[in-house]
Amino acid sequence: VTGDSGAAEDTALAWARARSSGPLRVSPGTPARSLPAGMLKLTEPGDAGVSWLVPQVPTDADARVLAEIGLSGPLLEQPNDTARMLAAVLRCCWADPLGPVWPGVRAGSGTVLAVFGEVTGPRDDAAHRRSAVAALRRLDQAAWVRWDEPAGTVRLGPRAALWSGGDLTMLRQLWRSIPAPPAAPSAVPPVRGPRR
Amino acid sequence: VTSFFDPVLTDLPERHRDEVLAAFAAVENSPEPAPEAVALRDATLRRSVEEMLNLTGRTLVRAGAGRWTSGYGTTSSPG
Numbered sequence: 001v002t003g004d005s006g007a008a009e010d011t012a013l014a015w016a017r018a019r020s021s022g023p024l025r026v027s028p029g030t031p032a033r034s035l036p037a038g039m040l041k042l043t044e045p046g047d048a049g050v051s052w053l054v055p056q057v058p059t060d061a062d063a064r065v066l067a068e069i070g071l072s073g074p075l076l077e078q079p080n081d082t083a084r085m086l087a088a089v090l091r092c093c094w095a096d097p098l099g100p101v102w103p104g105v106r107a108g109s110g111t112v113l114a115v116f117g118e119v120t121g122p123r124d125d126a127a128h129r130r131s132a133v134a135a136l137r138r139l140d141q142a143a144w145v146r147w148d149e150p151a152g153t154v155r156l157g158p159r160a161a162l163w164s165g166g167d168l169t170m171l172r173q174l175w176r177s178i179p180a181p182p183a184a185p186s187a188v189p190p191v192r193g194p195r196r
Numbered sequence: 001v002t003s004f005f006d007p008v009l010t011d012l013p014e015r016h017r018d019e020v021l022a023a024f025a026a027v028e029n030s031p032e033p034a035p036e037a038v039a040l041r042d043a044t045l046r047r048s049v050e051e052m053l054n055l056t057g058r059t060l061v062r063a064g065a066g067r068w069t070s071g072y073g074t075t076s077s078p079g
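Chains as they are written, first to last, in our numbering: chain X, 1 to 196; chain V, 1 to 79.
Hints are computed from structural coordinates only; laboratory data are not their basis.
Heads up, some of the hints might be wrong.
To be verified - A partial selection of chain X residues facing chain V, derived with a Cβ cut-off under 7 angstroms:
no. : residue
1   : Trp15
2   : Ala18
3   : Gly22
4   : Leu24
5   : Ala37
6   : Gly38
7   : Pro58
8   : Asp60
9   : Asp62
10  : Ala63
11  : Val65
12  : Leu66
13  : Ala67
14  : Leu71
All of these numbers come straight from a predicted model, not from anything done at the bench.
All C-beta atoms, glycine included, are put in the ideal place defined by N, C-alpha and C.
Based on the sequences and whatever the hints tell you, model everything.
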């Protein structure tokens, strides 16, 4: 509601929160009229009832434009492993690359780690787990990925829902180039499982 | 395409709209202040960038000669 300074303040506050800590978690029952302006509400399917509010910036006005205008983007820690882990999660959780990418499906973290291992190439076990766990934490914190550590499951985060049609075309090609997850997830030890 | 920023964007010619969007991306996402290239040199286009920022509670900040960034500040509320 333009002209209403209270609503404008609520909107500013919500955008500031999303700016500092990423997508905002809200109750799925939140009525549409009380949502901050310019934000998209995404509800995860099933069980726990989790909804997210993500700011909707035109794709021509977000960080991906920086390279085109010759400016550097935000710094990312361990960019290679982080990108490979996101690719592994995408491969495991986007069950049908002809369908929408979000919400996708839940995958076991063991399955995701196996694909991550295929993408990164041979490393010793400890180094593999260390880099995988670090990458999952970074991606989970930034809401690219949701990692349920106690349950040992991974799914794509609310940010993935904002990929544009052009992004998805590129990601579909990437998806096809990544090795498929192992057929029997139980054959792969879970991240926190006992050593055999 | 989002309706949220439409009040600022709809009246702009396409070429100007692209420049305003790029300038918004630059000041909002670049770790360094953005150079005055893009839409920031032209006072009218810069005003549109500022209006986009104001909608989200932010404001345009001059960061030295010919360089701009965005931040929080005292600004007239939109509308």
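For this session: Classify the hint on Ala67(X) as holds or violated, based on whether any CB of chain V lies nearer than 7 angstroms to its CB.
Result: Because about 10 angstroms separates Ala67(X) from the closest Cβ in chain V, which is outside the 7 angstroms limit, the hint is violated.
Exercise. Holds or violated: Leu66(X) as interface residue toward chain V, Cβ cutoff 7 angstroms?
Worked result: This hint holds: Leu66(X) lies near chain V, its Cβ roughly 6 angstroms from the closest one there, short of 7 angstroms.
Problem set entry | Interface hint for Ala63(X), Cβ within 7 angstroms of any Cβ on chain V | Cβ of Ala63(X) sits 4 angstroms from chain V, so the hint holds.
Exercise. Would the stated hint for Ala37(X) survive a check requiring a Cβ distance to chain V of less than 7 angstroms?
Worked result: It holds, given that the least Cβ distance between Ala37(X) and chain V is near 6 angstroms, below 7 angstroms.
For this session: Answer holds if the nearest beta-carbon of chain V is closer than 7 angstroms to that of Ala18(X); otherwise answer violated.
Result: violated (9 angstroms)
Problem set entry | Interface hint compliance - Gly38(X) to chain V, C-beta minimum distance less than 7 angstroms | holds (3 angstroms)
Problem set entry | Supplied contact hint for Trp15(X), tested at 7 angstroms Cβ to chain V | holds (4 angstroms)
Exercise. Are Gly22(X) and chain V close enough, Cβ to Cβ, to be under 7 angstroms, as the hint says?
Worked result: violated (14 angstroms)
Problem set entry | Satisfaction of the Leu71(X) interface hint, Cβ to chain V closer than 7 angstroms | holds (4 angstroms)
For this session: Have a go at the Asp60(X) hint: is there a Cβ in chain V nearer than 7 angstroms to its own Cβ?
Result: For Asp60(X), the interface hint holds, since the closest Cβ of chain V sits about 4 angstroms away, which is under 7 angstroms.
Exercise. Can Pro58(X) be said to touch chain V, with a Cβ gap under 7 angstroms?
Worked result: holds (6 angstroms)
Problem set entry | Restraint check, 7 angstroms cut-off on beta carbons, for Val65(X) near chain V | holds (4 angstroms)
Hint compliance for this structure: hints 2, 3, 4, 13 are broken, all remaining hints hold.
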